[in-house]
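Q: Chain residues, written in single-letter form:
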Amino acid sequence: MSDFFEVFGLERRLAIDVAALQRRFYELSRRWHPDFHQAAAPAEQARALEESARVNAAYRALRDPLARVEYLIRLEEGRATREGAVVKPKAPPALLAEMFEIQEALEARGDSLDDGTRATLTVQRDALRARMAEAEAQIAGPLSRAWDAAAAADRPAALAALKDALATRAYLRTVIDDLANALGEGTEETHVANRRD
Amino acid sequence: MSRIVGIDLGTTNSLVAYVDERTGLPVVIPDRDGRRLLPSIVGFTPDGVLVGEAARRQLARRPADTVYSVKRLMGRGWEDVKDELRYFPFRVLPGEGVVRLAVGGREVTPPEVSAIVLRTLKERAETHFGEPVEKAVVTVPAYFNDSQRQATKDAGRIAGLDVVRIVNEPTAASLAYGLHRLGQGVIAVYDLGGGTFDISILRVKDGIFEVLATNGDTHLGGDDFDRVLMLWLLEDVQARHHRELDRDCVELARDGEAMQELRLAAEAAKIRLSTEERTTLTLPLAGFTYHRAITRAEIERLLEPLVSRTLGPCRQALADAGLTPSDIDQVVLVGGSTRVPLVRRRVQELFGKAPHSQLNPDEVVALGAAVQAQILAGGIKDMLLLDVTPLSLGIETLGGIVSILIPRNTTIPTSAREMFTTSVDGQTVVDMHVVQGERELARDNRSLARFELRGIDPMPAGMPKIEVTFLIDANGILQVQAREQRTGKAASIEVKPTYGLSDADVERMVEESFAYAEADVEARLLIEVRNEADTVLTHVERAFRQAGALLGAEERKAIEAAVAALRRARAGDDRDAIRERTSELNHATEHLAEMMMEAALKGALDTKRADEIMGRGSSREQ
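If you're matching them up, the sequences are chains G and Z in order. Quick note on numbering: our numbering labels position 36 of the first sequence as 36, and the sequence is numbered without any gaps. Quick note on numbering: our numbering labels position 285 of the second sequence as 285, and the sequence is numbered without any gaps.
Think of the hints as simulated: they come from the structure by calculation, not from any bench. All C-beta atoms in this analysis are idealised placements derived from N, C-alpha and C, irrespective of residue type, glycine included. The reader is advised that the hints may include incorrect statements.
A few chain G residues that face chain Z, going by a derived Cβ cut-off under 8 Å, partial list only [said to hold, decoys possible]: (1) R31; (2) H33; (3) A57.
Not close to chain G: a few residues of chain Z, all C-beta gaps over 12 Å, as computed [said to hold, decoys possible]: (4) E126; (5) V164; (6) A253; (7) G322; (8) S326; (9) D329; (10) R344; (11) G378; (12) K381; (13) P413; (14) A416; (15) D473; (16) A474; (17) A558; (18) R567; (19) A571.
Start from the sequences and build out the full structure, keeping to the hints where you can.
A: See the structure below:
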C-alpha cells in the first residue's frame, strides 16, 4: 500500500508546500468522497470509502509540521499501526535540575496555592512555553531540513535527532499541562495533529 | 437515483425539505394546512397516536402520555438521564441499556417515538410529491456520539425510511447559507436549539466546506431555558399564593398538569421577551389566577449561566482549529434559541462581529439537509462537505486507561488499525471495549460497545495477530472489522451496543410500526378531532368553574347545551359533526372568555395569552 506521501504524489521529504497540499487534498476528496459514489455498485462504494479515509488520514498526518515528523518516524521505523505513542516524553538533560524543582513545587502544593507559589509557577510555565515553542521551531525548521538534505547513510542520525527533539517537546508539554492544572487553568488541549496551520 | 428528502429531526420541531429542480433552491414542505414546523411531540391516547400540533394541544391535559423533547433521550441509558427525569411528566423505566418510556399503556423506546415523527414527515412529503418517498438525509447535533447517531438511523428504519446520510446540523446550516450568502473564508456556526448546542468552525473554499473543529453540549438548549424559568415561576407562584395552595392542599410541584401549564407559560414568556422588553404572564391555576409582569432583564439574569456554558465549547473549538476569534470571517446563528437577545450579545462579544441570521433559524438546518440530499442524489456536483468526528474514539486498555485510536476533529470517513493478541495460551476469544470521549479513564467516557473477537485458533499466548480496523463512516458511525493476520481469515465480531437496539429489536419495531401505518387514515383524523374536542371541553369546564357565576342564566344554559351537544357528538364517529359542535362551543364561550379575563385580570390582559387559555388556535411559533 502507498504511504501518505505517495497518496499526494510527494517524495518522502519534510518540506511541504501546505497550500499545494490543501489543493491536492480537495481534489482527491472530490475524487473519492462517498457523497459522489452513492449510486455506484457496492464494491465501488467500499473502495471510495477506503480511499477517502486514506486521503483524510494522509492529509491529517502531513499538513502539520510536527505531525508530519511523527508520521515520518513511524514510516521509517516500519510500523503500520500505531502502538502507543511514537515518542515517549523524555526530560532534556539540560533542564533536569529545573524540572526537578518544578515537580517538587507541584507535589508540595497541597490543595491550595499561595500567591507567591502561584506567581513562581506562572513564570515557570511561561518560560517552559517559550522553550516548547523554540523546540517546535527547531523540529519544523533546521532539524527537518537536515533530514531532507541528509544522504541515505546520514538519515538514521537525522531521524534520531528529530526523535530526540520530539521527546523533549512531549515532556515539556506534560509539565506545562501539569502546571496549568495546578494553576487551575485546565490542560491546554492538544494533540499535535489537532493543530492547524 | 430516487428522490431523497432532507429532514431536520429537532428537539422541539421537525421539518422536511427538498431542493426544487427548477430553481435549484431548497424549500420546506408544508402540511395540508400550510404549517411548516411539525412539533416533535407524540401523544399516546386510548384511541391511537397523535403527532405534532394535535399532540401539543393535549400536553397539559394528558401530561403522562404525551412525549416531547425525546431527542434528549436518544441513544441514552437510564443512568444518563435520571437526573432530569423529574422534569418530564411521562414515565421513564429504570433499567439497563436503552431508555424505555411507559406511555399510553405500552412501552416504547426513543427511536420508536422519533420514528412516529419521521413517518409523519415522510407522509407529508409523499402527499406533496404524489409518490412514495423512501430515502432521507437526517440531521443530528454535531456533538452527538455514535449511540445517538445510531439511534437516529434506527428511528428512520422503523419509520420505513432509508437514512442515506446522517449530517451534522451546523454543517447542514452552512450548506444552506453557502449556496448564495457566504463567500470564501472561515465561518463559525453557533447552533443553539431546543435541546442541544453545537459550535462548528469551517473553512469554505472553492465549493468545499471543510469542518476544522466542532464542539458542543448535547444537553443544553431552549428546554433548559424553559426549565430555569419554570422553576423560578414555581417559586414565585408558591410565594404569592401559598394561602390558596394551602387552603386547597395543592402541591404544585407534584401536579403534572399544572407543571405543564407553568412550562408552557415560561416558554411563551421567553419567546415574547425576545422581541419585547416586558410582558405580562397570566396563568389560571387550580382555584386562582397567577398574574405578574416580567421583564427581559429579569429573565436574562436567570439565563446568563446557561448562555455562558456555550462559550467554553466555542473557545475549545477555536483552539482545536488553531484559530483565534479574529480569524473568523463570519458567524452564523442557527436554532430557535438564538433568537434570545442575550445569546446574540454573548456571541457577538466572543467573536467580535455581528452574526448572520438572514435565514430562518428554525428552517435553515432542514434546508441544508435538502442540499446534502441533492448532493447525494447527484443533482449538485460542485459542493462537498468534509465533516469531522466530534469525539475521540478509543479502546480500553489495562488499568481502565483509554488508548485513543481516532482523535476528535478528525475528518471523516477515517479509519485506524490496531493489533490485538491473546494473553493466555489457547485463548480463542478477545474482548474489546470501545469508548468515545476525551477523558483518560474508560469509565469517564461514553461506552459505545463491547466487541468479542471469536474463532481465534488456539495458540500460545501472544501468537495470534488480529488486526482490527475501526472505521468511522461519513455518517460519523463506527464500523469494526477484524482479520487474523497469519491466516488472513476474517474474525467474527459480536457487537453488544451499550445503549443501542439490536437488529432484532429494530426488525420487530419496523413490523409494529407498519401495523400502525396501515391503520386507517380516517381513524387517525377522527382521533384528532376527538382530541381537539377534549381540549376545548377541558378549557371550558375550567373557565366555567372559575367565572361561570358571572354569567347570566340564559348564557349558562346555552353553554351547558353546547357542552352536552359536543359530548354527544364526540361519542359518535362523525368527524364533521364533532368539528362543528366544537366550533359551536367555542363560539358560545367567547363572551365567557372575555368576562373571565376582565374580571380576573382587571384589565391587564394579554389577548394572545387569553386566546391560549381558552384553547383557541394559537401557534407559539414566531
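Q: Hint by hint, work out which the structure violates, then give me just those numbers in ascending order.
A: Hints 1, 5, 7, 11, 12, 13, 14, 15, 16 contradicted; others consistent.
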